[in-house]
Structures are given as C-alpha cells and as structure tokens.
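Student: The sequence shown begins at 1 in the working numbering and counts up one residue at a time.
Honestly, I wouldn't trust all of these hints.
Cβ pair distances, simulated, as ranges [stated by the list, open to error]:
#1 119 with 159: 34 to 42 Å
#2 5 with 57: 53 to 61 Å
#3 248 with 135: 26 to 34 Å
#4 38 with 210: 22 to 30 Å
#5 291 with 222: 23 to 31 Å
#6 218 with 147: 38 to 46 Å
#7 293 with 75: 21 to 29 Å
Hints listed in this document are in silico derivations from the structure and should not be mistaken for laboratory results.
Even glycine gets a Cβ: it sits at the ideal position worked out from N, Cα and C.
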Amino acid sequence: MNTATPATRVLSLLPGTTEIVAALGAADRLVGCSHECDWPPEVAHLPRVTTTPVDATRPGAEIDSQVRALREAGRAVIAVDAARLRELAPDLVLTQSLCDVCAADGGAVQSLAAALPRPPRVLALRGTTLAGVMDDILAVADALGAREAGLALVRELRAGFARLAESGRRPRPRVACVEWLDPPYLAGHWAPELVAAAGGEDVGARAGDPSRRREWSEIAALRPEVVLVMLCGFDVPRARRELGALRDPVARELLATTPSFILDGNAFTSRPGPRLLDGALRIRAALEGRDLPGLARVS
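Based on the provided sequences and hints, a complete structural model is requested.
Tutor: Written out as structure tokens, the structure is:
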C-alpha cells in the first residue's frame, strides 16, 4: 500500500487510466488527459496534453504505414505538450509501458516530468493480463489514497468475470480476435481471457501474449468457428468502414463463411480498465447470437 500523500491533481495520458480514475470516484481530480480520452462524458471539458501526427481518419493500412514511418524516423507516435504539462502542474501522471502506439513513450514522459519545478510522480501501468489490470487499478487507487474504492472496484470486476465464466457454454467455440485488418493482427494481452470468460476458446493467442501480425491464410488455418473484429481504437461504424475496404480474398471468404461480429474495440477491448468486463459480456452475446450496443454482425 502506498503511504505517500494522495494525489489531487492527476494527469492521465491514457484512456484506460482516465476510466480507472473515474470509476474510483475521482474524476474531479483530473486536470488534463490525452487527446484520445473520450469516456466517461464528464472528461470532455478537460485540457488535452497529447497530440499525434498520425491521421486517424485514413484507412487502416495507411495508419499502419504512418506509424511505421514515424518509428523508422525516430519520431514519437504520440507526443506530450511540455508547456501544457508545466501549466497544469500535476502531482500524478498516469501512463503505461505496454504500447508506444497507444500512449506517449514512457521514457519521454519521465524526462518531461522530471524537468518540472515540482516533479510529479509518474505511474506507468504494466498489466498485460486481467490480473495485471486489477493490480494496476489498485496501484492507481493507492496513488489517489482511495484503497478501499480500489478494492471494491476490483471485487466487483472479479465477481462479474466469475459469474460470466460460471455460466459459460459447452463445448467452447473456437474464436479468432482480429485487432487490425490491414495488415491483420490477432489480439493478445487480456483478449484470450475475455473470450474464455465469455465461454469461448481463443485460437490466436494466450493470455499475456503481445498482439501479433498474422497472414489471413494463417488465421483461416486456425479454423475459427467465430471471428470477432475488435479493432484497436475503432468503434463499430469505423470498423465496418474498414471491413468494406478489405480486399484480401482469404479474409473476405473467411468472414463470409464464418459467423463474424464487429465489437467496439475502442470502448470495450483495447483499454486496460473497468470496461473490459463489458467487452466480455459482448463477446458472450456474440457467441450466443444476441444483440447488444457496441456489437454488430459483419454481414
């Protein structure tokens, strides 16, 4: 347990950490957030302290090319506004060390924070599994002096996953979780656990594995019985547009002949936070052929 003075001016550089702070009842302590933070609605007014040169309105293949070009040039995919950071004077900065496409580089954040007149604590979340996400929630709670709220939230989430898993179907359908379409990536990290809790078997990854690029022929060879299109950072309408532009014949055949669903990956599967349980509930609905907001059939 952290015994330091509870943070009162929190800067969140990740949508997931913004959601964690809000779920702990501390949204009023947020002084700023990333340009990608869009939930809960009460954070809409917060100053934005990150930017990206990536044009996210372009097709997925072009976004991938932009990210690769930035990396090859040694440029940041997501940059922190140092002047805004100084102006906001946070005493806690929340970020992560999991993916430099999803958040500002951890080393750069540490350097910027250290250069402030009153350097804030920088807490980088590292969870790659559901257990790791729960640990991260408790770490944020401790930094806020809200240990009891953190324990209550973790108990609620664990109970929700347990109830879902206990009611799972048998036999478990084979599920492929597609995190990006062009080039294709299969989701890793906590995605296999979401599928398992929902009553399926993830055929593309194990819990804690990184997301990996695969060929569509490799994905088809896994013989999935259900395909979940849960694109990182994309909601259902945006994912549907990406699917409409998909030209790979193996992919089109797989999606046409296998029960396939679009899930709002931006809200429910990409972010390490409380709404992962909502993601698992939607995966269950997909496996059972039911409709829920944030879930749609491919065809």
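Student: State for each hint whether it applies.
Tutor: Structure-based check of all given hints:
no.: 1; hint: 119 with 159: 34 to 42 Å; in the structure: holds, 38 Å
no.: 2; hint: 5 with 57: 53 to 61 Å; in the structure: violated, 42 Å
no.: 3; hint: 248 with 135: 26 to 34 Å; in the structure: violated, 38 Å
no.: 4; hint: 38 with 210: 22 to 30 Å; in the structure: holds, 25 Å
no.: 5; hint: 291 with 222: 23 to 31 Å; in the structure: holds, 26 Å
no.: 6; hint: 218 with 147: 38 to 46 Å; in the structure: holds, 45 Å
no.: 7; hint: 293 with 75: 21 to 29 Å; in the structure: violated, 37 Å
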